[in-house]
Amino acid sequence: METTRRAEDARAAKVTGAQRKPGDPLTAQSVELSPQEFAKYAVKPVADREFVIQRETVGTIDFNQEMSVQVFTPFQGKILELFARAGDDVRKGQPLFTIDSPDLLQAESTLLSAAGTYRTTTKALERAKQLYEVQGIAQKDLDQAASDQQAADGVLKAARNAVRIFGKTDQDIDQILSERRIDSVLRVPSPIAGKITARNGAPGLLVQPGNLPAPYTVSDVSSKWLLASVAEIDIPLL
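Under the numbering used here, think of the first position of the sequence shown as 4, with each following residue one higher.
Take these hints with a grain of salt, some might be off.
Said to hold, decoys possible - Okay, the calculated beta carbon distance ranges per label pair: (1) L209 <-> S232: 53 to 61 Å; (2) P206 <-> R94: 48 to 56 Å; (3) R58 <-> N214: 36 to 44 Å; (4) L208 <-> M70: 22 to 30 Å; (5) G170 <-> V224: 23 to 31 Å; (6) I185 <-> K126: 21 to 29 Å; (7) N214 <-> A161: 22 to 30 Å; (8) F54 <-> R190: 55 to 63 Å; (9) L241 <-> V49: 29 to 37 Å.
Read the hints as simulated data drawn from the structure, not as lab findings.
The beta carbon of each residue, even a glycine, is placed where N, CA and C say it ideally should be.
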């Protein structure tokens, strides 16, 4: 209907412009168009057209939350050092910060104790075998020495696995055992590759698993989200 009305108005303007003489007063049903304006109008058959409905609203651009990770420490401790700043690009597995972890200290102490017990029981078993060969001890004493050595071996393996949970490699564990030196420094790596979008950690800050705010937030900025506040009346148009 709107298109038909515009076409009729254009036709009326054309006819009126053609019949009106220069200097005649304008009437309520007539308009005066310049040649440039008149060139923009045309009379065409009525046809169906699709109109795009547009709405304006307030929105924000945010990082893709499915590709954004808050990096927490897996264990309680105090932050010793931070290696990345906001805006830095990081690789997956790259250390972000270190903490002084009492849990790691306890695990490594247990490891050294278990290793000492294993060495003692292993030597005791070797002596028991030698004594048994010369009939210096009974069979039950040899069996007891073998049982003690096997139990110590199981405790040592469990202690190695407990330290491995903290991210220590077998090479790190072997170094701890060979040097008999406890290292309570725990390195927290980036779980994904991306950009540092938030840094809330600071040296000396006590951090715990899951406690907000996270020391770091890493986001993959290759894609982002547009969050729009849509009015309830416009929801059916989505």
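Okay, the hints, checked on the actual structure:
no. : hint                      : result
1   : L209 <-> S232: 53 to 61 Å : 38 Å, violated
2   : P206 <-> R94: 48 to 56 Å  : 23 Å, violated
3   : R58 <-> N214: 36 to 44 Å  : 41 Å, holds
4   : L208 <-> M70: 22 to 30 Å  : 27 Å, holds
5   : G170 <-> V224: 23 to 31 Å : 26 Å, holds
6   : I185 <-> K126: 21 to 29 Å : 24 Å, holds
7   : N214 <-> A161: 22 to 30 Å : 29 Å, holds
8   : F54 <-> R190: 55 to 63 Å  : 60 Å, holds
9   : L241 <-> V49: 29 to 37 Å  : 31 Å, holds
When each numbered hint is compared with the structure, violations occur for hints 1, 2.
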